[in-house]
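Chemist: Knowing the structure of chain A, use the given hints to seat chain B on it.
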Amino acid sequence: MGKRETSINKSEEGLSVISNLELYLCPDVRSIIKKLPDDFKSVLEEIRLRVNRPLMVSGNQKEYFVDINGGLTLTPVGGYYISKENIEKTLQFASNYSIYSIEDELKNGYITIHGGHRIGIVGKVLMGNKGIRTLKNFSGLNIRVCREKLGIASKALPYIINSKGEFLNTLLVSPPQCGKTTLLRDIIRTISEGVPHMNFRGLKVGVVDERSELGACFEGVPQNDLGPRTDILDCCPKAEGMIMLIRSMSPQVIATDEIGRTEDSIAIEEAMMAGIKLITTVHGRSLGDILNKNIIGKLVGDGVFERIIFLSNSNGVGTMDSVIDGSNLTYLYKGVNYKDDRQVV
Amino acid sequence: MLFKFIYSIIIIGCSSLLGFIFANTYVERSKLLNSLLSTLQMLETEIVYGATPIPVIMQKVGHKSKKEIGDIFLSAADLLNLNLGQTFDEIWCSVVTQETKHTCFNREDTDLLLSLGKNLGISNCEDQMKHIRLIQEEFKRHYELALVEQNKNTKLFKNLGFLLGMTIVIIVL
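Each protein sequence line maps, in turn, to chains A and B.
Heads up, the numbering used here is the position in the first sequence plus 2, with the first residue counted as 1.
Heads up, the numbering used here is the position in the second sequence plus 20, with the first residue counted as 1.
Pulled out of the complex, with its shape left as it was, chain A reads as follows (with noise of 0.2 Å):
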């Protein structure tokens, strides 16, 4: 029974998620939204408007084309095909009647919205002087649902935080969109908030957040819960966020996403000397994946990283495949979806 009410809150979460983004597309294609079966909206990850082609939208890790009454189809035949017209209608409610007032955002390919929802753009590019000036003539949005998953965190939290309360060094590794930055964020949260059956108390923790991805701000507020201790610095680089955060925020403990660049490795050397701690994500299959990677492997190598979880979705999003103790690469845990293939080298 009580499954039962958590799976119906959950549905009914969902819906509302879907129900709040439906007011940022174009009437055409909010109404066809709105037909989508509830099962379905309840899980649905991307919505993708491509000029002149069918409108898609994709769950559960599989793609469908929809038609005007909102029923999905795995053929393009009897799709709603998608005008430049509703790209533009939609672009237009997803910056608030301003395109001007993204006009930066738009230089990266992607604005996020209110509720934390991210809209990747694509269109004509407008080189500058300096770069990438603008985008124009959009033919292209990817509506990317952003669903907080709270709690998925307290499988992690037996090893990333010892017997003594305190937290260690975690290096999260996964192929994309297999929840690393879900439960990134969602450990943000737990170690900001404390864990008090594991007599661990919260800790000031700086989030530097590139992408806007781990709080998802929307005009400076941030649209996820990353706790009471927690400070971001949004659309910053994260070299150079990680150093504003040492000396101006005095945090316990940093966390970024996908770091892998050489002015990364100095950032991280400045924080472990001043004793703060440092939790991170990576793209990688394997253990041997991550050690061929020039600065992340060495630091790997190094035993920067005291613990390195790896992720799947063989089991669904976020799905912990194993855990290593970085600092002699054995593992600490081996889920049942565990590969022999990931061998340590």
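Accuracy of the hints is not assured; some may be wrong.
To be verified - Under the rule of at most 25 Å between Cα atoms (straight-line distance), these lysine-lysine pairs were calculated in the DSS-like manner: (1) B:150 / B:84; (2) B:138 / A:126; (3) A:91 / A:37; (4) A:151 / A:36; (5) B:87 / B:51; (6) A:138 / B:138; (7) B:24 / B:87; (8) A:138 / B:160; (9) A:151 / A:206; (10) A:91 / A:138; (11) B:172 / B:51; (12) B:150 / A:109; (13) A:336 / A:166; (14) B:160 / B:138; (15) A:86 / B:138; (16) A:336 / A:151; (17) A:151 / A:64; (18) B:150 / A:126; (19) A:157 / A:126; (20) A:91 / B:175; (21) B:84 / B:121; (22) A:157 / A:37; (23) B:24 / B:51; (24) B:150 / A:132; (25) A:37 / A:109; (26) B:138 / B:121; (27) A:91 / B:150.
These aren't lab readings, by the way, just hints derived from the structure by calculation.
Modeler: This is chain B only, laid out in the frame that chain A set:
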């Protein structure tokens, strides 16, 4: 005799008042156009220097402008905040058509105001500035013409009102 005198005063008074009302429309139009130029300047500043979103600008500028102009902006802001799925141009068209009915704007002024909505918010800052400045230039031209008309017609209508009253009094009484 006393009644005739009173009727004459009333007739002359009413016709003079009519003349004043007609004359005043020219004065009011110039004042409105002048105020609209300041409003457009505020609009440009908010867009170019503040990158403020249109619904917020509409509220801000609406409160700072002359009532007749402010009402257009405030009504647009209300409709934009309702999120009914209308584009800015659609909302602007309906609001301008509705709110300018009872103002001294003439057809050309209303058309120019409508054309503002076609481009507002749909391009980058540089383009927005160009569009607003173009509309401003047009309104400046309207304002200068309105001043010429005002100087030409105000006195004319005031005198005409009085003289019409006198004529009626002479002919009828």
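Chemist: Could you run down the list of hints and mark each one as holding or not?
Modeler: Going through the hints against the structure:
no.: 1; hint: B:150 / B:84; in the structure: holds (23 Å)
no.: 2; hint: B:138 / A:126; in the structure: holds (22 Å)
no.: 3; hint: A:91 / A:37; in the structure: holds (20 Å)
no.: 4; hint: A:151 / A:36; in the structure: holds (23 Å)
no.: 5; hint: B:87 / B:51; in the structure: holds (12 Å)
no.: 6; hint: A:138 / B:138; in the structure: holds (17 Å)
no.: 7; hint: B:24 / B:87; in the structure: violated (43 Å)
no.: 8; hint: A:138 / B:160; in the structure: violated (31 Å)
no.: 9; hint: A:151 / A:206; in the structure: holds (21 Å)
no.: 10; hint: A:91 / A:138; in the structure: holds (14 Å)
no.: 11; hint: B:172 / B:51; in the structure: holds (16 Å)
no.: 12; hint: B:150 / A:109; in the structure: holds (21 Å)
no.: 13; hint: A:336 / A:166; in the structure: holds (24 Å)
no.: 14; hint: B:160 / B:138; in the structure: holds (20 Å)
no.: 15; hint: A:86 / B:138; in the structure: holds (17 Å)
no.: 16; hint: A:336 / A:151; in the structure: holds (23 Å)
no.: 17; hint: A:151 / A:64; in the structure: holds (20 Å)
no.: 18; hint: B:150 / A:126; in the structure: holds (21 Å)
no.: 19; hint: A:157 / A:126; in the structure: violated (44 Å)
no.: 20; hint: A:91 / B:175; in the structure: violated (50 Å)
no.: 21; hint: B:84 / B:121; in the structure: holds (21 Å)
no.: 22; hint: A:157 / A:37; in the structure: violated (36 Å)
no.: 23; hint: B:24 / B:51; in the structure: violated (40 Å)
no.: 24; hint: B:150 / A:132; in the structure: holds (22 Å)
no.: 25; hint: A:37 / A:109; in the structure: violated (34 Å)
no.: 26; hint: B:138 / B:121; in the structure: holds (20 Å)
no.: 27; hint: A:91 / B:150; in the structure: holds (22 Å)
Violated hints, listed in ascending order, are 7, 8, 19, 20, 22, 23 and 25; each of the other numbered hints is respected by the structure.
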